[in-house]
Amino acid sequence: MEKKYYTAFEIAKITGGSVFGDGNVKICGLASLKEACPEDLSFLANKKYAGQILSSKSLLIITGKDFAGKIAEKTFIICDNPNLAFSKAIAVFAPPPVKYPPVTHPAAVVADSAKIGANVHIGACAVIDENVVVGDSSVIGAGCYIGQNSSVGKSCLIYPNVSIRERCVIGDRVIIHSGAVIGSDGFGFEAGPGGIVKIEQVGTVEIRDDVEIGANCAIDRARFGKTILKKGVKLDNMVHIAHNVVVGEYSMLIGQCGIAGSAEIGRGVIIAAQAGISGHLNIGDGAKVAGASGVIKDIYPGQVMVGTPAESPREFMERLAAPKKIRQLSERIVELEDKISRFESELSKIKNS
Amino acid sequence: MEKKYYTAFEIAKITGGSVFGDGNVKICGLASLKEACPEDLSFLANKKYAGQILSSKSLLIITGKDFAGKIAEKTFIICDNPNLAFSKAIAVFAPPPVKYPPVTHPAAVVADSAKIGANVHIGACAVIDENVVVGDSSVIGAGCYIGQNSSVGKSCLIYPNVSIRERCVIGDRVIIHSGAVIGSDGFGFEAGPGGIVKIEQVGTVEIRDDVEIGANCAIDRARFGKTILKKGVKLDNMVHIAHNVVVGEYSMLIGQCGIAGSAEIGRGVIIAAQAGISGHLNIGDGAKVAGASGVIKDIYPGQVMVGTPAESPREFMERLAAPKKIRQLSERIVELEDKISRFESELSKIKNS
Amino acid sequence: MEKKYYTAFEIAKITGGSVFGDGNVKICGLASLKEACPEDLSFLANKKYAGQILSSKSLLIITGKDFAGKIAEKTFIICDNPNLAFSKAIAVFAPPPVKYPPVTHPAAVVADSAKIGANVHIGACAVIDENVVVGDSSVIGAGCYIGQNSSVGKSCLIYPNVSIRERCVIGDRVIIHSGAVIGSDGFGFEAGPGGIVKIEQVGTVEIRDDVEIGANCAIDRARFGKTILKKGVKLDNMVHIAHNVVVGEYSMLIGQCGIAGSAEIGRGVIIAAQAGISGHLNIGDGAKVAGASGVIKDIYPGQVMVGTPAESPREFMERLAAPKKIRQLSERIVELEDKISRFESELSKIKNS
Numbered sequence: 015m016e017k018k019y020y021t022a023f024e025i026a027k028i029t030g031g032s033v034f035g036d037g038n039v040k041i042c043g044l045a046s047l048k049e050a051c052p053e054d055l056s057f058l059a060n061k062k063y064a065g066q067i068l069s070s071k072s073l074l075i076i077t078g079k080d081f082a083g084k085i086a087e088k089t090f091i092i093c094d095n096p097n098l099a100f101s102k103a104i105a106v107f108a109p110p111p112v113k114y115p116p117v118t119h120p121a122a123v124v125a126d127s128a129k130i131g132a133n134v135h136i137g138a139c140a141v142i143d144e145n146v147v148v149g150d151s152s153v154i155g156a157g158c159y160i161g162q163n164s165s166v167g168k169s170c171l172i173y174p175n176v177s178i179r180e181r182c183v184i185g186d187r188v189i190i191h192s193g194a195v196i197g198s199d200g201f202g203f204e205a206g207p208g209g210i211v212k213i214e215q216v217g218t219v220e221i222r223d224d225v226e227i228g229a230n231c232a233i234d235r236a237r238f239g240k241t242i243l244k245k246g247v248k249l250d251n252m253v254h255i256a257h258n259v260v261v262g263e264y265s266m267l268i269g270q271c272g273i274a275g276s277a278e279i280g281r282g283v284i285i286a287a288q289a290g291i292s293g294h295l296n297i298g299d300g301a302k303v304a305g306a307s308g309v310i311k312d313i314y315p316g317q318v319m320v321g322t323p324a325e326s327p328r329e330f331m332e333r334l335a336a337p338k339k340i341r342q343l344s345e346r347i348v349e350l351e352d353k354i355s356r357f358e359s360e361l362s363k364i365k366n367s
Numbered sequence: 015m016e017k018k019y020y021t022a023f024e025i026a027k028i029t030g031g032s033v034f035g036d037g038n039v040k041i042c043g044l045a046s047l048k049e050a051c052p053e054d055l056s057f058l059a060n061k062k063y064a065g066q067i068l069s070s071k072s073l074l075i076i077t078g079k080d081f082a083g084k085i086a087e088k089t090f091i092i093c094d095n096p097n098l099a100f101s102k103a104i105a106v107f108a109p110p111p112v113k114y115p116p117v118t119h120p121a122a123v124v125a126d127s128a129k130i131g132a133n134v135h136i137g138a139c140a141v142i143d144e145n146v147v148v149g150d151s152s153v154i155g156a157g158c159y160i161g162q163n164s165s166v167g168k169s170c171l172i173y174p175n176v177s178i179r180e181r182c183v184i185g186d187r188v189i190i191h192s193g194a195v196i197g198s199d200g201f202g203f204e205a206g207p208g209g210i211v212k213i214e215q216v217g218t219v220e221i222r223d224d225v226e227i228g229a230n231c232a233i234d235r236a237r238f239g240k241t242i243l244k245k246g247v248k249l250d251n252m253v254h255i256a257h258n259v260v261v262g263e264y265s266m267l268i269g270q271c272g273i274a275g276s277a278e279i280g281r282g283v284i285i286a287a288q289a290g291i292s293g294h295l296n297i298g299d300g301a302k303v304a305g306a307s308g309v310i311k312d313i314y315p316g317q318v319m320v321g322t323p324a325e326s327p328r329e330f331m332e333r334l335a336a337p338k339k340i341r342q343l344s345e346r347i348v349e350l351e352d353k354i355s356r357f358e359s360e361l362s363k364i365k366n367s
Numbered sequence: 015m016e017k018k019y020y021t022a023f024e025i026a027k028i029t030g031g032s033v034f035g036d037g038n039v040k041i042c043g044l045a046s047l048k049e050a051c052p053e054d055l056s057f058l059a060n061k062k063y064a065g066q067i068l069s070s071k072s073l074l075i076i077t078g079k080d081f082a083g084k085i086a087e088k089t090f091i092i093c094d095n096p097n098l099a100f101s102k103a104i105a106v107f108a109p110p111p112v113k114y115p116p117v118t119h120p121a122a123v124v125a126d127s128a129k130i131g132a133n134v135h136i137g138a139c140a141v142i143d144e145n146v147v148v149g150d151s152s153v154i155g156a157g158c159y160i161g162q163n164s165s166v167g168k169s170c171l172i173y174p175n176v177s178i179r180e181r182c183v184i185g186d187r188v189i190i191h192s193g194a195v196i197g198s199d200g201f202g203f204e205a206g207p208g209g210i211v212k213i214e215q216v217g218t219v220e221i222r223d224d225v226e227i228g229a230n231c232a233i234d235r236a237r238f239g240k241t242i243l244k245k246g247v248k249l250d251n252m253v254h255i256a257h258n259v260v261v262g263e264y265s266m267l268i269g270q271c272g273i274a275g276s277a278e279i280g281r282g283v284i285i286a287a288q289a290g291i292s293g294h295l296n297i298g299d300g301a302k303v304a305g306a307s308g309v310i311k312d313i314y315p316g317q318v319m320v321g322t323p324a325e326s327p328r329e330f331m332e333r334l335a336a337p338k339k340i341r342q343l344s345e346r347i348v349e350l351e352d353k354i355s356r357f358e359s360e361l362s363k364i365k366n367s
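Residue numbers (the numbering used here), protein chains in the order written: chain R, 15 to 367; chain G, 15 to 367; chain C, 15 to 367.
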């Protein structure tokens with residue numbers, strides 16, 4: 015495939031930025047600052063990595079308005095949001111997206127009672143059970159299972175090998191990555207007369223519009239009522255959502271975090287990777303939980319929490335500083351002990367004098 | 015669908031409780047205390063949430079004998095186990111459970127050598143390999159794979175897209191949720207002459223009666239011998255069981271916890287969410303490991319462990335209190351330093367006098 | 015099946031070891047020291063467990079040269095690497111490995127444009143999409159999905175229900191366990207004018223030769239460019255690899271660990287179970303990260319890191335010792351306070367005298 019070249023001026027037009035340097039410099043690909051060759055467009059989205067600009071071989075770099083460097087031989091395209099601007103450049107070089115023909119593959123298995131909208135793709139070996147509804151323009155990947163009486167909205171993209179159990183409700187424009195499981199039983203058991211008794215989980219899961227669910231996530235159905243992911247929630251890979259959890263609009267749950275039963279996560283919350291939220295907690299709107307933290311009490315709106323058990327960043331920093339503090343205290347105690355030894359001898363001199 | 019109403023007297027009869035208040039109050043649904051409307055039955059299983067009764071709109075609430083409240087306009091149904099009692103009420107309102115017709119779907123693929131019991135459901139695109147045995151009344155969901163020479167007992171419920179590798183043995187009444195993998199290779203490698211050498215994992219997995227395995231769990235086969243989940247073990251979602259692990263009867267492993275190779279977990283153990291157990295350890299009967307803990311030494315029967323590395327709750331609380339203790343010590347040192355300064359001046363006065 | 019017996023001499027020949035004790039003792043099976051019966055061969059790979067030899071019922075035990083015990087009635091086979099030697103003995107007793115007939119199952123779905131090599135097995139209900147290439151002698155398990163334009167090398171073993179998205183490149187002799195997902199979208203979102211905007215993930219995943227990927231892992235495709243697992247990388251179960259991560263040759267990532275976006279893991283690195291590596295970090299060659307650690311800054315080659323946030327073992331041990339240190343300091347302060355009280359009274363005596 016022949017390479018296609020773009021000038022800095024052309025890239026500036028595509029990305030909505032302004033050229034700072036030689037507008038005629040040409041690129042034919044894109045890469046991160048570290049990996050770029052001279053003919054790659056690159057970008058700086060986080061000033062933390064500004065040092066990489068100097069060592070980068072890239073000659074054309076998208077940056078934000080707060081980056082005020084002038085570097086010989088390098089051309090910059092200054093944009094409001096370098097990350098989004100770079101995405102527009104990526105789109106120029108990206109291979110065409112996968113096309114899903116709007117048909118049901120002959121090797122898919124669709125129940126007669128299912129209602130499939132217009133322009134829907136159903137992949138080979140997907141299984142659509144009784145009374146399922148799939149909205150217009152949705153894609154159901156190969157090997158997916160959609161259980162009885164569940165519904166999938168319009169323009170959804172359900173990647174291969176997703177499992178959706180019975181009576182779940184999926185909104186519009188929802189993306190679910192491979193291996194995710196929606197509607198598995200909540201984990202509920204009681205000590206009964208003859209041992210452990212399973213508490214039947216007869217509720218369901220509601221996934222609202224514009225949600226994205228990562229690979230190999232598991233979203234348990236409610237014991238009764240609904241487990242809910244509200245509009246725009248984004249789940250990274252391997253996130254575990256227990257029964258009766260509610261996650262508020264546009265909250266982001268990063269890789270391998272887990273939310274225990276009946277917890278309520280507010281709107282715009284960020285729960286970082288590998289963090290855990292205990293059951294029945296309230297996590298206020300806009301709260302942030304640091305990676306690997308273990309939250310065991312409610313969090314107020316906007317609060318940042320870190321550590322296990324999670325505490326404020328100030329408390330966490332104090333805890334981190336403990337060994338250093340102990341060393342300092344130890345030194346002060348040694349000084350005191352020395353002084354006191356000296357006093358003892360002075361006192362005994364005085365007494366003996 | 016027309017709403018069906020039940021009186022408090024009727025609910026008391028269903029749940030085996032006794033009415034305390036107006037027995038003629040009527041409900042037509044059920045919800046948690048927080049979400050209930052006046053026509054919803056609700057319940058209080060944990061006195062910790064008793065405060066929610068006052069703010070709840072529910073007029074009919076199941077509680078335990080230890081709840082002695084009397085609240086105007088609210089009726090209570092007093093039960094031995096409010097949680098189990100509420101489950102009975104849920105069953106009244108629950109939609110009918112999914113019916114799995116006792117047939118092999120024409121799009122399933124079953125080897126001629128497989129022995130399929132009576133009244134077995136095998137879903138579309140499930141693949142049953144050579145010499146597999148499936149017991150009577152079991153359900154094998156759509157898209158499942160069961161490998162050569164494996165067996166599944168009676169009345170099992172294997173949800174869609176479960177993978178069971180060769181030579182695994184699954185008992186009776188076992189429930190396996192979607193995406194779970196049984197019998198994947200244990201993680202075994204050795205430094206060999208030409209780099210890393212894979213240690214073949216030729217053992218198998220034995221899942222005994224009444225076990226439940228959550229969505230997207232992975233249970234590795236033994237290097238040799240068996241990885242064993244004994245009778246009644248319950249695994250939440252995304253639990254990782256490494257090779258040669260043995261989990262004792264009725265132990266519960268909560269979401270995203272992981273058990274490293276050859277660890278032995280006793281009977282009735284609870285390992286909370288995101289905890290990890292190192293390899294070759296013994297976890298005694300009835301031990302409890304707190305969420306997110308990292309256990310690196312044996313645990314005695316009945317012991318509770320918390321933190322990473324896991325220690326006793328007393329030790330853990332002492333560790334938690336370190337910053338506060340350090341502040342207190344620091345204050346006492348300041349006091350000592352002040353006193354000693356004063357002594358110094360007094361001593362010098364005495365010496366100079 | 016009739017039992018077949020082997021003498022110690024025969025086992026020594028198979029394992030390349032030398033007999034120490036009675037070479038005519040016979041075994042007909044194998045087991046760990048703890049579980050062995052008298053007719054089981056056993057082994058000691060780690061001197062830590064040498065105590066188990068005394069209590070073991072096994073009469074024939076493979077050990078290393080550093081084990082110098084002589085125990086009545088027990089025979090030892092001394093080997094350079096007892097672990098690998100035992101693997102050779104296991105192979106003698108192991109059931110024959112699963113045979114995958116070199117054919118495409120009639121219930122598999124293979125696009126006409128796909129190029130399938132010689133002696134390839136494609137299982138029932140596997141779906142091979144447009145323009146996929148599968149190399150000679152590879153096995154594609156039942157229910158797998160391989161997306162458009164992806165390629166799988168020679169002699170690969172892709173277990174059932176694996177999902178590989180479009181344009182991924184898999185090398186030779188790669189093993190991928192069930193439920194793993196390769197090429198899911200990276201987790202990339204930006205605050206946009208109308209809320210959260212998805213950053214398209216148009217890159218791909220490259221899995222090089224001799225990689226092994228555990229059950230239910232997820233390897234995200236790059237935002238642009240490639241997420242790369244280099245030659246010989248081994249992933250345990252449920253490992254999460256975010257977009258644009260690069261993992262160096264022969265590194266091992268143990269169960270449930272997670273690597274955030276754009277992190278670079280060197281060669282021969284070991285990241286233990288449940289650990290997490292933050293985004294954009296460099297983890298030097300041969301570094302080791304302890305289980306459950308949270309790494310938030312670069313790691314030098316060969317460095318060992320432990321804890322959250324991860325620090326050196328020395329720092330970590332100092333942190334662990336904090337409660338004890340605090341108790342010791344507290345005692346020294348009490349002593350000082352006592353002495354100072356005595357001084358106060360002595361001083362006042364002196365002043366009053």
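There's no promise every hint is true.
The list treats identical chains as one, so a pair stands whether inside a single copy or across any two.
Listed below are the simulated DSSO-like cross-link pairs for lysine-lysine, each with C-alpha atoms no more than 27 Å apart in a straight line [what the hints assert, rightly or not]: (1) Lys71 - Lys40; (2) Lys302 - Lys61; (3) Lys79 - Lys61; (4) Lys62 - Lys88; (5) Lys353 - Lys338; (6) Lys365 - Lys353; (7) Lys61 - Lys339; (8) Lys62 - Lys302; (9) Lys363 - Lys18; (10) Lys245 - Lys212; (11) Lys62 - Lys79; (12) Lys353 - Lys79.
Honestly, the hints are just simulated from the structure, not real lab data.
These are the hints, each one checked on the structure:
1. Lys71 - Lys40: within (13 Å within a copy, 68 Å between copies)
2. Lys302 - Lys61: within (22 Å within a copy, 29 Å between copies)
3. Lys79 - Lys61: within (11 Å within a copy, 56 Å between copies)
4. Lys62 - Lys88: This pair counts as within: shortest intra-copy Cα distance 19 Å, inter-copy 59 Å.
5. Lys353 - Lys338: both (23 Å within a copy, 25 Å between copies)
6. Lys365 - Lys353: This pair counts as both: shortest intra-copy Cα distance 18 Å, inter-copy 16 Å.
7. Lys61 - Lys339: Neither, since 33 Å and 39 Å both go past 27 Å.
8. Lys62 - Lys302: both (21 Å within a copy, 26 Å between copies)
9. Lys363 - Lys18: The answer is neither: 94 Å in one copy and 90 Å across copies each exceed 27 Å.
10. Lys245 - Lys212: Between copies only: 14 Å across chains, 32 Å inside a chain, cut-off 27 Å.
11. Lys62 - Lys79: within (15 Å within a copy, 53 Å between copies)
12. Lys353 - Lys79: neither (59 Å within a copy, 58 Å between copies)
Hint compliance for this structure: hints 7, 9, 12 are broken, all remaining hints hold.
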